[in-house]
Amino acid sequence: MKSLKLKGLEYTNGVIRLFDERVVLFPPSIIGLLSSIYGEGAEPLLVFLGKKLGRTMIEKWDFELKPKNIKEITELFSDLFSTTGWGQMVVRDVTDDQIIFQLMHNVSKTLEIPSKFIDFFITGYITGFAEYIYYKAKVQETLCMIDDENLDFCQWVVNRIPT
Amino acid sequence: MLKKIGVQKGLKNISIDADSHIIYKKTNFSLVVLRPTDLAQMGDLIGQGNKDIITWIGKTVGRNVAEVVYKDESPKTNAELLEKSFRTLEMLGFGILSLQNYQDDIGFQVRVENPLYEHLEENQEIISNIYLGIFLGILEYIGRKANGIETEVAWKTQGITHSTFELKIEGVVTQ
Chain P
1 MKSLKLKGLE YTNGVIRLFD ERVVLFPPSI IGLLSSIYGE GAEPLLVFLG
51 KKLGRTMIEK WDFELKPKNI KEITELFSDL FSTTGWGQMV VRDVTDDQII
101 FQLMHNVSKT LEIPSKFIDF FITGYITGFA EYIYYKAKVQ ETLCMIDDEN
151 LDFCQWVVNR IPT
Chain E
1 MLKKIGVQKG LKNISIDADS HIIYKKTNFS LVVLRPTDLA QMGDLIGQGN
51 KDIITWIGKT VGRNVAEVVY KDESPKTNAE LLEKSFRTLE MLGFGILSLQ
101 NYQDDIGFQV RVENPLYEHL EENQEIISNI YLGIFLGILE YIGRKANGIE
151 TEVAWKTQGI THSTFELKIE GVVTQ
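In order, the protein sequence lines correspond to chains P and E. Numbering follows the working numbering, in which position 131 of the first sequence is assigned residue number 131; successive positions increment by one, without gaps. Numbering follows the working numbering, in which position 53 of the second sequence is assigned residue number 53; successive positions increment by one, without gaps.
Keep in mind that the hints were calculated from the coordinates and are not lab data. Fair warning: there could be bad hints in the mix.
[Unchecked claim] When the alpha-carbon atoms are kept at most 30 Å apart in a straight line, the in silico DSS-like pairs for lysine-lysine are as follows:
#, chain 1, residue 1, chain 2, residue 2
1, E, 84, P, 109
2, P, 68, P, 116
3, E, 25, E, 71
4, P, 52, E, 12
5, P, 52, P, 7
6, E, 12, E, 25
7, P, 60, E, 12
8, P, 52, P, 71
9, P, 52, P, 138
10, E, 12, P, 109
11, E, 25, E, 156
12, E, 145, E, 71
13, E, 76, E, 156
14, P, 52, E, 145
15, P, 116, E, 51
16, E, 84, E, 51
17, E, 25, P, 7
18, P, 66, P, 138
19, E, 145, P, 66
20, P, 7, P, 109
21, P, 60, P, 7
22, P, 109, E, 25
23, E, 84, P, 7
24, E, 71, P, 109
25, P, 66, P, 116
26, E, 25, P, 60
27, P, 116, E, 156
28, E, 84, E, 71
29, P, 109, P, 68
30, P, 7, E, 168
31, P, 109, P, 66
32, E, 156, E, 145
33, E, 156, P, 52
With the hints as constraints, model all of the structure from the sequences given.
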């Protein structure tokens, strides 16, 4: 167990900032609670909200840390994502047209009732990143440990949409 | 890559485990990094008029925080549990919270410096309701039913940057 440390993370007077963006540490169960109100209709809303967060974060991380190419920015995204509590994101493949992410230890599994809704939010988070680097992209969760008990990860495939 | 970019001073009492989960102390209280605007927008999706649901979400957080504090720090009095819960909330980024005018089984005030809504341009009321829910949730954990109101509201009042909540104990929570 390590103390949460990350470049760009500052704490002063009850305020946490990540690269000047105020953030708060909140239980992920909020997503499950919201989804219990919306049911299946929550999916597009969660993707939308995740996308806004993903876009903001990758813009800041890119500006501050200046990765040189798609491979570096993708690794940066997965490393920093892995320090924001959702689980451990691993990049399995990166090309100019496709990226494959696998999320080990999805935080959803730690909840009393594991929720697929957290995955919808993460789909949005990845979409925010993908549209930043590819401009247009399709993001699909192709494997899910919540749906398939034999898996110990969730997988997202990002495909660039040619413009 | 993280090794390459380096690290800075960590957050006290907040850890990241081998599974990349953010944990408060050595509990199983999982946390994720969100922006205040994400919370506000999630609340907005429920509907501005639906204060009860937002407050309920806050209560869930408040009960969780109180439970963690109770198990980990063994407070001897309700006031001590409130104080320690507020210190925990500070570490989570909720601003500086101070307990004021505490009277056992009557009520108290909570002053919040740097509230989460401080730079939001909309949906500030949702954040206020989350705070209120958190305070009510802590009180529920210690078996007290209460009524609360934000009496000083920074986002509505020019010249103040803090928020004050007044909580009045109404009785004991019955099952």
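**Report entry** Hints violated by the structure (numbers, ascending)
**Finding:** 2, 11, 13, 14, 19, 25, 27, 29, 30, 31
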